[in-house]
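Student: These protein sequence lines are chains Z and D, in that order. If you count by the numbering used here, then the first sequence holds residues 2 to 352, one letter each, in order. If you count by the numbering used here, then the second sequence holds residues 171 to 246, one letter each, in order.
Treat the hints with care, since some could be wrong.
Okay, the calculated beta carbon distance ranges per label pair [what the hints assert, rightly or not]:
hint, chain 1, residue 1, chain 2, residue 2, range
1, D, 230, Z, 65, 39 to 49 Å
2, Z, 168, D, 222, 53 to 63 Å
3, D, 230, Z, 272, 23 to 33 Å
Keep in mind the hints are simulated off the structure, nothing from the lab. Bear in mind that the values here come from a model prediction, so they are computed numbers and not experimental data. Yeah, the Cβ is synthetic: ideal placement off N, Cα and C, and Gly gets one too.
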Amino acid sequence: MTMKRLRVVHYLNQFFAGSGGEDKAGEGPRNRDGAVGPGQVLQRSLGDEAEVVGTVSCGDNFFTEREDEAVGSIVELIRSYAPDLLVAGPAFNAGRYGVACGRICQAVQETLGLPAVTGMYPENPAVELYRQRVHIVASGPSATSMPATLQRMAGLGIKLARRAQVGLPADEGYIPRGLRFTGMAKETAATRAVDMLLRSVRGESWETEWPLPHYDRVPPPAAIKDMGRATLALVTSGGIVPRGNPDRIESTYATKWLKYSLAGVDDLTSERWQSIHGGYDTTRANEDPDRVLPVDVLRELERDGAIGRLHDQYWVFVGSGASTTNARRFAEEMARELVASSVQGVIFTAT
Amino acid sequence: MAKEFERKGIPTAFISTIVPLAESIGPNRIIPGQGITHPLGDPMLSRDEERSLRRRMIQRALEALQTDIEGQTIFR
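For reference, chain D alone in the conformation it holds in the complex (with noise of 0.2 Å):
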């Protein structure tokens, strides 16, 4: 779905903690995932340093939303 919305030339951020499946299906804007059932959380860390990573990685998706690419590509 995040090629098809790409097609129509929205840039998409695919957050998903499959990185192969997203690699073999192809996205081209790929941020890996914390965890199958919390991608943007860890229930490991306390609240402070959960949000934290999760500004980070959301960072990192708008890195990618801002970055001109060939093809493919994981932001990790």
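Chain Z with its partners taken away, still in its complex shape (with noise of 0.2 Å):
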């Protein structure tokens, strides 16, 4: 049985479609028949059972910039060849140009029901945005990976194409997407854990079921130089609220954050403020609210001049259950806010 030859879309950035590089970033999203430039690659490693039959492109400002317009215009051009497949990139640790290959997979896949594979250095910040939807092959973070990385980009995105089974991400080589599957083990759990353990304490290998999610690093910003003028904030995950929670925080499974005076407030008594905080027992917290929101000790700094000023805001919302997507938007809400305040520290405090 001979099976239909695939046909393929690959997209590309400007500089990889060869328009030019930055200079070219603003170029609006064209199309060009056949495989161009890193195509090439990908077509010696699609074989015979595919073909690149158009490239379509746009230049990284012109997607950033504009994006849903960009986006709606590549996804005409792509399902102007009726590709079987769309291929984007690799965009290896280029930020904007992994955005776009993960967006566009993303849209044609959901307008066009049409497999997508993209390929991303593992570290490139669209992988934390994209990787949950979209298969990402793992690359290195430069283009001298490129060749590697296609092979590995071909041979998943024809298993995609032809709704062949897909193995699992260390296998196929693509980043985890987050997916649990149901599988039969010969040993039971309690078995495979003592074994697990017995290959460590011998210093052998061993690989754990359960991987502890990869999280990046922030470079540091410099320290605060006066902290006599510094105009520090209060920050909390621990749910101090006013008593009576009038404005209904959630306990756990945060939605939203608040923020709160703390204008004429020289200690957080029981009186008047509380914990909600659904995930763990309140009630030292509730005794002295201080314990979680330092603001007695905060106030006493500032009359003594070692701060130049607590700020009469604090922030807050309940750290338990709370999504790692909501907290990312909450703390880019609130670091507007603090930006906008002038605050030059935070004090962070979580139970």
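With the hints as a guide, dock the two chains, each given alone in a separate frame, to form the complex.
Tutor: Below, the structure is given as structure tokens:
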């Protein structure tokens, strides 16, 4: 039985499509028939099973600045080739290009029902945005890993286009999407756990069945030079609110954050303040809310001149069960306010 | 969230009792808390002792905010 030769469209940014570098980053969406640039390598990797019938490209800045418009035009150009598969990138560690690849893959999957695969360096910020919805093959940080990455993207893409069974991330070379599958193991969990422990004790290699999530790092900003004149703000995930929780902030699975005034407040008393956090026993916090939100000591240090000023508002939410997506949004929204309030340092207390 | 603040250029002292979790998630300036339900207090101490403990912890947080660091640092 001969299988239909698959039609593949390749998405590239302006650089890899050969238009130019940053000077051409404002270029709008366009297409060319056949393979272009890295598309030649992709074609070799696909072999006889598939053909790169068209290349669609867009400048990184155009995409970033006019994202919705760009996605609309790009999806239309891709559709005009009646493809069976979209291959985007690889984008390596390029942020704008990574976002474009992820967003376009997601868009063709959703609007055209078209299988898609892209490639990125695991620390590309776009990975966190799209890895749950898009198959992203792990690449190196730079284009030197182009041939090996395209080889894996081609293999995975063909499987996706043929609706064949896709293996586990480690076997196929894509970044884990956070999905769980049910399977039968030969041994019980207890046996496997003891076996892992023994291998670990013997110094042999072993692999966890439950890898902990990987988090990125942030370069530390410069320290505060003149604390005696600095404005500090308190932020807490410990759920300290005015008694009675007037704004009905959730005690778990937070969807919102709030801020309250500390103007004229020297000490958090149990008569006026409480914790409504649903993830820990709040008895100790309710006896003295300063145990979670240390207003008393900060006012004292303010009077002593050890700090310039405690900001007259504090920011609060409940950490328990808050999704990282919400937490990231909270942080971005709060950070905007902190910057606008000329806050120079934050003391963040977590329970 | 402490990381997001630092990403925006605001040094942030993160006070948490679960230090290994903090180390894994990655805030840069970590001050170990006293207890999960009372990170800045200790119900076993007298009021005065507890208050001076809290003051020492906040002073450590201020030290963290005034220290230029290369990467994640735990201020004990």
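Student: Work down the list of hints and note, for each, if the structure agrees.
Tutor: The hints, checked one at a time:
1. D:230 <-> Z:65: 39 to 49 Å: holds (42 Å)
2. Z:168 <-> D:222: 53 to 63 Å: holds (59 Å)
3. D:230 <-> Z:272: 23 to 33 Å: holds (29 Å)
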